[in-house]
Amino acid sequence: MTEKVKVRIDGEVIAATPGQTILEVARANDKYIPALCYMEGLSAVGACRLCMVEVAGVARLLPACTTPVQEGLAVNTSSPQLQSYRKIALELLFAERNHVCAVCVSSGHCELQSLAQEHGITYIRYPYNFPKLAVDTTHPRFVLDQNRCILCSRCVRTCDEIEGAHVWDVSGRGIQSRLVSELKRPWGEATTCTSCGKCVQACPTGAMAEKGWGVEEMTKRPAVVSRLTSMREGQ
Amino acid sequence: MNKVMIEHVSRIEGHAKITITLDDAGQVSDAQFHVTQIRGFEKFVEGRPYYEMPSITARICGICPVSHLLASSKACDAIMAVQVPEAARKLRELLHMAQFVQSHALSFFYLSAPDLLLGMDSDPAKRNVAGLLEKHPDLLREGIALRKFGQQVIERLAKERIHPSWTVPGGVNAEFDPDLREKTLAELPAAMAIVKRTIALWKKTLDSFPDEIESFSNFPTMYCGLVGPDGSLRLYDGNLRFIGADGSIVADQVKPADYATYIGEASLSDSYLKAPYFKPVGYDEGIYRVGPLARLNIADRCGTPAADEELAEYRQRLGRIVQSGFHYHYARLIEVVYALERMQELLDDPALLGTKVRAHADVNNLEGVGIIEAPRGTLIHHYKVNDDGAMTWANLIVATGHNNLAMGRGVLQVAKRFVDGNKIQEGALNRVSALIRAYDPCLSCSTHAVGVVPMVLQLRGSNGELLDELG
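These protein sequence lines map, in sequence, to chains A and B. Those letters in the first sequence? Residues 6 to 240, by the working numbering. Those letters in the second sequence? Residues 1172 to 1642, by the working numbering.
Bound-form chain B, shown alone:
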């Protein structure tokens, strides 16, 4: 028995490795996805005052600190039992939309575009942002501009792009400057134009990946995400909906506080990432996916005109339920359209400039759950406190966690399709990594893994001896 290790998986956020096991004939018999870092947040926050949780948990991630800030603030709102003032609720959503724009732009342009536009088999030395700059300079510049726009809106609202302290339990700690609203409104059309051009390009490119579409986690699973009361796409608020592989609604309008009735978590022996599953079905058959692909499968519609138009075309091309993980990329771009339209709606709303932006209260509930749709999927923060407000227990289910089982199975599917143990091709192994990149996993808190983490691929014999190495 031989093993191929992809250690580390590059161009993702965080640290992971993949083990591909080969049988005696050199064919793939098993493949596993391991997350190799342990963080310990749920444990070390015990004893801390609950209102420190947004800033502590924001440090989980440098790409999407806003997601954690918001989910955590919502859990704290529940502990305080307050209604967040209207202006603050809208400002928080605006912040969230800006984050969607920047995070999705990062995933598509910086992390995945090298595979998608330069080719899965292209020279690994150039299959990165620098290579992209050489071949597709205009596209890359637009990608950078789009991400910059998202980051700038975050900065305008929250004063800092990364780990801002603006989002607090009960609301936000400062109102929005009307001048900055005008500035943002003026820049919106340019951002929208970039996304539209990118989607048009992507639609043309899509047909050149038949094998990838066929084998990138292309299997039936359930899907989970937030929806509004009318079943439309929701990213900041809403209730949970679970649908089956055929699109039938399995559970709908599940209140955030009731998530544990439907979501269980299994610990895996070979990964530090737990594996959530749909409880009524059980582990590990209750496999479900979250994130852009899942959200567009779940939602009846987006609820904004341009995004709905794109969604209609997406469904016309790919079907009502899209199951290939490769289409996370397409779904992600449609969500950017939605996020920009939602930003426009929020910026046009006079209530956004309200001056009452923070509700103050003591501990009024000993337990609170906050759920949002982070760029990568459903993010759950669940806290318990004592009467004095000290944390006694925390459970965080991050977006990437929900996809753990699906990524594991996807790795096996794509490895079986592309990897031949008798003749290891770098491009084949890159497809295994590209599958993981399609999910845009956020395995940690770092912004450093943009094409600089070396990917070492090792082929080892049954006694552990090194047979071959690429990297």
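Only chain A is shown next, with the shape it has when bound in the complex:
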């Protein structure tokens, strides 16, 4: 049996397995740390910066999803400063693209929306970017709305690591980054897409949805995708 390490999360001493990340240990012990780009069963990329935590003795904040635990680590998951940074990160996501909850298929079932509510966001302090972005309706069953994409890359990793098709990538840099299917081919023409729909289930917002659903009707089941990994690991 692997030797455990002792870490302290919000003052509570917890025994963790070396190699586990702070986020994994926290979640396994009912300690809540918000996250958007993290999804169980996928590799962690530390993209959304919502899981930033304070670690004793470290001057900067660290992303809980990519920081492995070590003996004696003391983590603070919530503080006024962390809350304020998380709020900023969320508001910048809203300001970057055109998120209109009122007419979104995922309203009421959206991870971005519920995190905003949880953080008491009632308005955005930054000017909206209002980019002109296309909706890809070319796939017969699914639709990709770039307006609602937060570039969490959960779809990219799901398609690559679980389905093994690697249809999705992120092209461009910074504010110009865009989710692209098969080197910028329309989704409906992507020859590698198996139409399995796991990317849609993994998407935390209304960016990817099944066709034909109206406002508030699209519910996602990312846990189904996560379970595939755990079942394979169990084999």
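Quick caveat, the hints were computed from the structure, so don't treat them as lab data. Computed from a predicted structure; not experimentally measured. A portion of the hints provided could be inaccurate.
[To be verified] Here are the simulated DSS-like pairs of lysine-lysine, each with C-alpha atoms no more than 25 angstroms apart in a straight line:
| hint | chain 1 | residue 1 | chain 2 | residue 2 |
| --- | --- | --- | --- | --- |
| 1 | B | Lys-1354 | B | Lys-1367 |
| 2 | A | Lys-216 | B | Lys-1555 |
| 3 | A | Lys-11 | A | Lys-92 |
| 4 | B | Lys-1450 | B | Lys-1426 |
| 5 | A | Lys-137 | A | Lys-216 |
| 6 | A | Lys-137 | B | Lys-1214 |
| 7 | B | Lys-1214 | B | Lys-1445 |
| 8 | B | Lys-1297 | B | Lys-1594 |
| 9 | B | Lys-1445 | B | Lys-1426 |
| 10 | B | Lys-1527 | A | Lys-216 |
| 11 | A | Lys-203 | A | Lys-216 |
| 12 | B | Lys-1214 | B | Lys-1450 |
| 13 | A | Lys-203 | A | Lys-189 |
| 14 | A | Lys-216 | B | Lys-1214 |
| 15 | B | Lys-1555 | A | Lys-137 |
| 16 | A | Lys-36 | A | Lys-11 |
| 17 | B | Lys-1450 | A | Lys-216 |
| 18 | B | Lys-1594 | B | Lys-1188 |
[As the list claims (entries may be wrong)] Where chain A lies over chain B, by a calculated footprint (3+ residues, C-beta under 8 angstroms):
| hint | stretch |
| --- | --- |
| 19 | 1218-1228 |
| 20 | 1334-1343 |
| 21 | 1559-1569 |
Glycine included, every Cβ here is placed at the ideal spot set by N, Cα and C.
We have chain A; now place chain B onto it with these hints.
Chain B in isolation, oriented as in the chain A frame:
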């Protein structure tokens, strides 16, 4: 040349202003109605999946989102080429009737009753719902109760009163709860009693407005609205009928998809609201009206007993074709009777509780038109999509649009009758606004304009200098 501006027109839905131009003798020479907001829905929906249209277009309005939801869903049904299941069709109509009740109650009791019951010349500071509460508390309470009933039925069906997501392309997304049906049935008689009392009061009050009846858009126009195959009043489905000013049928049983053969739209240089006209006659002689007054002129009968009884009396008092815009109020109340009776019929129908409520389909037509009679008149949603279902084009003709030309001419008529440029009376200018209120225009999407938008009236000289101001 002097100008009087009514900016903004209060107690209407949305933003508008009125310019009254005076000649050198101080008499009214022209009057114009301007809608001052631009919305852009037809343009920004391009590229969106068509099945998002009901929820997007519902946001056009907070008073009658149900109208847009239904017209849009019908246009989407046409794109999918599906037949909506019977239960869903009836549920949609029930929702629509509930909306008629609440919207008409809002128009009559909240927006217009202050003018009608407190007096056109009464103190503007009290000529509002609060003033009404002081003078006619029972009537106002009943009005509030009636609107509440309509709103509650909407909530029972669609889970939300404003901008519900229940109405979807192909039907609705949940069946109706039988318990809620019972509850609604139990409350119907009280709602009907309120309307009957209000109509009785209105009939008694009517004779005190001879000048308003005479000058509120009292001129011949054509009329347009939906009718059933037998020529009876229809609000949810039916085909278009156009009649002339004398009541003769000019076009009948026009299928929704063919509306553009008969309706053209002109852009005006001084208003963001386009002006639809009857195409065979041309702009701007092809002026026609829609809404309660038009519908009762067009329909051979209502098709429900109590409403037909009221309609017979209405016609006996005012004639077969009623042309004064002032009678929109009377017609509106009769339509509430019809809506409540229709609700009763639908609630009594066992098919309403059917469990098959949604047809699913892909894009099977690249174009679809959905038409309903919104509380304010004929509402047209016309969409074009590509093979993948992305919107490529949209045309929306809203009820108030059809009345644009008539409201413009009506403003001139009423201004000429009441406004004397040498001596501006607030009550006179209020009549100009009251004319617009009679049409119950829905100029935008807001529920906020209930007596709180300030009305500023300005008299300006030919060089634009401010000569007088009321407000």
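Restraint check for Lys-203 of chain A with Lys-189 of chain A, where alpha carbons must lie at most 25 angstroms apart: Cα-Cα ~20 angstroms, so holds.
Given hint Lys-216 of chain A paired with Lys-1527 of chain B - CA-CA distance at most 25 angstroms: Distance ~20 angstroms between Lys-1527 of chain B and Lys-216 of chain A Cα, so the pair holds.
Satisfaction of hint between Lys-11 of chain A and Lys-36 of chain A, Cα-Cα up to 25 angstroms: With a Cα-Cα distance of about 15 angstroms, the restraint between Lys-36 of chain A and Lys-11 of chain A holds, given a limit of 25 angstroms.
Proposed proximity, Lys-1445 of chain B with Lys-1214 of chain B (alpha carbon, max 25 angstroms): holds, 15 angstroms
Proposed proximity, Lys-216 of chain A with Lys-137 of chain A (alpha carbon, max 25 angstroms): holds, 22 angstroms
Coverage criterion applied to the stretch 1334-1343 of chain B (partner chain A; beta-carbon cut 8 angstroms; 3 residues): holds (count 4)
Restraint check for Lys-1445 of chain B with Lys-1426 of chain B, where alpha carbons must lie at most 25 angstroms apart: Holds, at about 23 angstroms.
25 angstroms Cα cutoff - pair Lys-1297 of chain B, Lys-1594 of chain B: holds, 23 angstroms
Holds or violated: Lys-216 of chain A to Lys-1555 of chain B, with C-alpha atoms at most 25 angstroms apart: Holds, because 17 angstroms separates the two Cα atoms, which is no more than 25 angstroms.
Pairwise hint evaluation, Lys-1214 of chain B against Lys-216 of chain A, where the allowed Cα distance is 25 angstroms at most: holds, 22 angstroms
Proposed proximity, Lys-1188 of chain B with Lys-1594 of chain B (alpha carbon, max 25 angstroms): Cα-Cα ~20 angstroms, so holds.
25 angstroms Cα cutoff - pair Lys-1214 of chain B, Lys-1450 of chain B: holds, 24 angstroms
Hint compliance for this structure: hints 3, 17 are broken, all remaining hints hold.
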